[in-house]
Amino acid sequence: MRTLTLQQGMPLGYGATVTPQGINFSIFSKDATKVSLCFFESPTAPEPFATLDLDPAVNRTGQIWHALVPEAKPGDLYLYRIDGPYDVERGLRFDYSRWLLDPYAKCYSEGSVYKAYSESSTRGLDTMYIKGRSPMKAHLFPKCVVIDDNDFDWEGDKPINLPLEQCVIYETHLKGFTANKNSGVEHPGTYKGFSEKIQHLKDLGVTSVELLPIQEFDENENGNTNPKSGDRLTNYWGYSTIGFFAPKNTYAADRSPGGPVREFKQMVKELHKAGIEVILDVVYNHTSEGNERGYTFEFKGIQNDQYYILPPDKQYYMNYSGCGNTFNCNQPNTMNFVIDSLRYWVRQMHVDGFRFDLASILCRDQWGQINGFPPLTNWISVDPILANTKIIAEPWDAGGGYQVGYFPGGRWSEWNDRFRDDIRRFVRGDEHTSTAAATRITGSSDLYLHNGKKPSNSINYVACHDGFTMNDVVSYNGKHNDENGEENRDGSDNNNSYNHGFEGECTNAKIENLRVRQLKNFIAILMVSQGTPMLLGGDEFRRTQNGNNNAYC
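Letter by letter, the sequence shown follows residues 1 to 553 in my numbering.
Rather than coming from a laboratory, the hints here were simulated on the basis of the structure.
Be a bit skeptical, because a hint or two may be false.
Stated by the list, open to error - No farther apart than 30 Å at their CA atoms in a straight line, the calculated lysine-lysine pairs in the DSS-like style are these: (1) Lys314 - Lys265; (2) Lys520 - Lys197; (3) Lys314 - Lys115; (4) Lys137 - Lys115; (5) Lys202 - Lys115; (6) Lys158 - Lys273; (7) Lys197 - Lys269; (8) Lys454 - Lys202; (9) Lys202 - Lys273; (10) Lys197 - Lys181; (11) Lys269 - Lys181; (12) Lys269 - Lys73; (13) Lys73 - Lys158; (14) Lys158 - Lys197; (15) Lys181 - Lys273; (16) Lys202 - Lys181; (17) Lys520 - Lys510; (18) Lys137 - Lys202; (19) Lys115 - Lys73; (20) Lys73 - Lys30; (21) Lys273 - Lys137; (22) Lys34 - Lys73; (23) Lys115 - Lys158; (24) Lys265 - Lys158; (25) Lys510 - Lys454; (26) Lys510 - Lys453; (27) Lys228 - Lys115; (28) Lys273 - Lys197; (29) Lys454 - Lys158; (30) Lys265 - Lys197; (31) Lys314 - Lys34; (32) Lys453 - Lys158; (33) Lys314 - Lys30; (34) Lys520 - Lys181; (35) Lys202 - Lys520; (36) Lys265 - Lys73; (37) Lys34 - Lys181; (38) Lys158 - Lys269; (39) Lys265 - Lys181.
Start from the sequences, fold in the hints, and give me the full structure.
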């Protein structure tokens, strides 16, 4: 059994950092009274082989706890336990019995927070605090992995940073791109498998791939059941981040400690060799911990009142994301966290850009109000490390924030849902739509001319992951989300679609010919319009979701 010792260490940078003297650990927690570092022999170890208690007189500087572990090394597995006040009226939820992930961890082992909770003695939702209770067994819980950032040869690679005017964006799901056996790849559903299909992207003329979330998330978060098959549903899309610095473990063929990081980097390098940019869909608007009835495994147990927007009584969570909580993006520590994460993906992972999910939340202050000059979006816009990086906003949120044409912060581009809706209505043949369609085709001057932006700042699309595929736009009049386990209540009812005489797939040649003509109309308009075109992956071969316009599971 290894023996680990503790030295003072340094407060910056956060996370686990490889140094000549050993591994330096650093974590922010303003109100913590006790911090313990726990090391594990394997991803499935039920107990730590070493628990190191940090001495606040030695291992604390201001609000930062830190320690140097000389014997630790890259590949080591660790978690935190943190104690402090459990006082929900002050917004504090410290609980020393909870295993906590390091928010700055750059890789995670296999495991599931949700399986760990559901199969532990703490059944149901984590609503009860019991002082002094023992932690659950850790065998199912994912572990943080110490990563050496220099353990990869980039061979001179760097982000491509094409001008938007030259870009054709292809939005796709990393796993779904090659998951089917007909993809013909050796490693389906992985970063490595994605690299095997680069030629398909080249043949399409794609310059930039926009990947649905690849930052670590837990597929087991979804508790619904498919009513047709009886199967437990999963979180397929991944819009519920756990690790904002870590590529998703299960998307890697190599899941050894550090393997997902190396494999992701290799994929980026191969795409860059082919002249294709990598844009990540990132979710800084909320986390996977949910509301007051959700589990505690990261930010809640580190400094709940700083990381989340809370109402005045602080016992609950403001929910502008529609997912239970809202990240407090313009609070200084949280803002630094977001910037550190973005810089890491550019500096160490060489990505070319980011698409920000529900980006209007990035504009909300600590009380939840939309700020016309939000510090975070302005910082992202002018940050020197991100200066040549594409920043694309989904300029709305689930709390009524809608900022299409007005997203603050300088050089931001935007998903233009007005293009989607106006072009769908025009191609469908709705009356009085030609003027709106002409405005979209010529660059949406009504949205972007007033603030000095270019037509290329408008990301034009007819279909995206969120809604019908392009094929389903011309094949269904209404949504068919029956297999989502929500009785078809989820997903938008405003699809501006038309089935051309038959709902769903059909063998009528006349209907099928008309659908194909309309699909060609959509793609032709998309490609000739002023702005940056974005094609949904699979639309090039009529991929269908069988009328499901919310295929997140």
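Hints, verified against the model:
For the hint linking Lys314 to Lys265, the alpha-carbon distance of about 41 Å lies beyond 30 Å, and the restraint is violated. Taking the CA atoms of Lys520 and Lys197, the gap is about 24 Å. The hint holds against a cut of 30 Å. Between Lys314 and Lys115, the direct Cα distance comes to roughly 28 Å. Compliance with the 30 Å bound is thereby established for this hinted pair. Straight-line distance between C-alpha atoms of Lys137 and Lys115 comes to about 11 Å, which keeps the hinted pair within the 30 Å bound.
As the CA atoms of Lys202 and Lys115 are separated by approximately 40 Å, the hinted pair breaks the 30 Å bound. As the CA atoms of Lys158 and Lys273 are separated by approximately 10 Å, the hinted pair is consistent with the 30 Å bound. Distance check on the hinted pair: Lys197 and Lys269 sit about 14 Å apart at the alpha-carbon level, within 30 Å; holds. A hinted pair counts as satisfied when its Cα atoms are at most 30 Å apart, and Lys454 with Lys202 qualifies at roughly 27 Å.
Of the pairs offered as hints, the one joining Lys202 and Lys273 holds, with about 11 Å between alpha carbons and a cut-off of 30 Å not exceeded. Between the alpha carbons of Lys197 and Lys181 the distance comes to roughly 13 Å, so the proposed pair stays at or under 30 Å and holds. For the suggested pair Lys269 and Lys181, the alpha carbons sit about 25 Å apart, so the restraint of at most 30 Å is met. Using a Cα cut-off of 30 Å, the hinted pair Lys269 and Lys73 holds, with the two alpha carbons roughly 26 Å apart.
With a CA separation close to 28 Å, the supplied pair Lys73 and Lys158 stays within the 30 Å bound. Between Lys158 and Lys197, the direct Cα distance comes to roughly 21 Å. Compliance with the 30 Å bound is thereby established for this hinted pair. At roughly 26 Å between alpha-carbon atoms, Lys181 and Lys273 fall within 30 Å of each other, so this suggested pair holds. Taking the CA atoms of Lys202 and Lys181, the gap is near 21 Å; set against the 30 Å cutoff, the hint holds.
For the hint pairing Lys520 with Lys510, the CA-to-CA distance comes to about 16 Å; that is within 30 Å, so the pair holds. Under the criterion of a C-alpha separation no larger than 30 Å, the hint pairing Lys137 with Lys202 is inconsistent with the structure, at around 48 Å. Using a Cα cut-off of 30 Å, the hinted pair Lys115 and Lys73 holds, with the two alpha carbons roughly 28 Å apart. Between Lys73 and Lys30 the CA atoms are separated by roughly 28 Å; this keeps the pair inside 30 Å, and the hint holds.
Taking the CA atoms of Lys273 and Lys137, the gap is near 45 Å; set against the 30 Å cutoff, the hint is violated. With a CA separation close to 24 Å, the supplied pair Lys34 and Lys73 stays within the 30 Å bound. Between Lys115 and Lys158, the direct Cα distance comes to roughly 39 Å. Violation of the 30 Å bound is thereby established for this hinted pair. Distance check on the hinted pair: Lys265 and Lys158 sit about 11 Å apart at the alpha-carbon level, within 30 Å; holds.
Our distance criterion of 30 Å between C-alpha atoms is broken by Lys510 and Lys454, whose separation comes to about 41 Å. For the hint pairing Lys510 with Lys453, the CA-to-CA distance comes to about 43 Å; that exceeds 30 Å, so the pair is violated. Taking the CA atoms of Lys228 and Lys115, the gap is about 23 Å. The hint holds against a cut of 30 Å. For the given pair, Lys273 sits about 13 Å from Lys197 by alpha-carbon distance, which is consistent with the 30 Å threshold.
Pair hint Lys454 plus Lys158 holds up; C-alpha atoms about 26 Å apart against a cutoff of 30 Å. Under the criterion of a C-alpha separation no larger than 30 Å, the hint pairing Lys265 with Lys197 is consistent with the structure, at around 16 Å. Distance restraint check for Lys314 and Lys34: the Cα-Cα separation of roughly 23 Å lies within the 30 Å cut-off, and the hinted pair is therefore satisfied. Restraint check: the Cα-Cα separation between Lys453 and Lys158 comes to about 27 Å, which is no more than 30 Å; the hinted pair holds.
Restraint check for Lys314 and Lys30: satisfied, since their Cα atoms lie roughly 17 Å apart, inside the 30 Å limit. A threshold of 30 Å between alpha carbons decides the hint, and for Lys520 with Lys181 the separation of about 28 Å falls inside it, so the pair holds. For a cut-off of 30 Å, the pair hint linking Lys202 to Lys520 stands: about 20 Å separates their Cα positions. About 21 Å separates the Cα atoms of Lys265 and Lys73, which keeps this hinted pair within 30 Å; it holds.
For the proposed pair Lys34 and Lys181, the alpha carbon gap of about 50 Å is over 30 Å, so the pair is violated. At roughly 8 Å between alpha-carbon atoms, Lys158 and Lys269 fall within 30 Å of each other, so this suggested pair holds. Only pairs whose Cα atoms come within 30 Å are accepted, and Lys265 paired with Lys181 is accepted, the gap being roughly 24 Å.
Consistency note: the structure conflicts with the earlier hints numbered 1, 5, 18, 21, 23, 25, 26 and 37.
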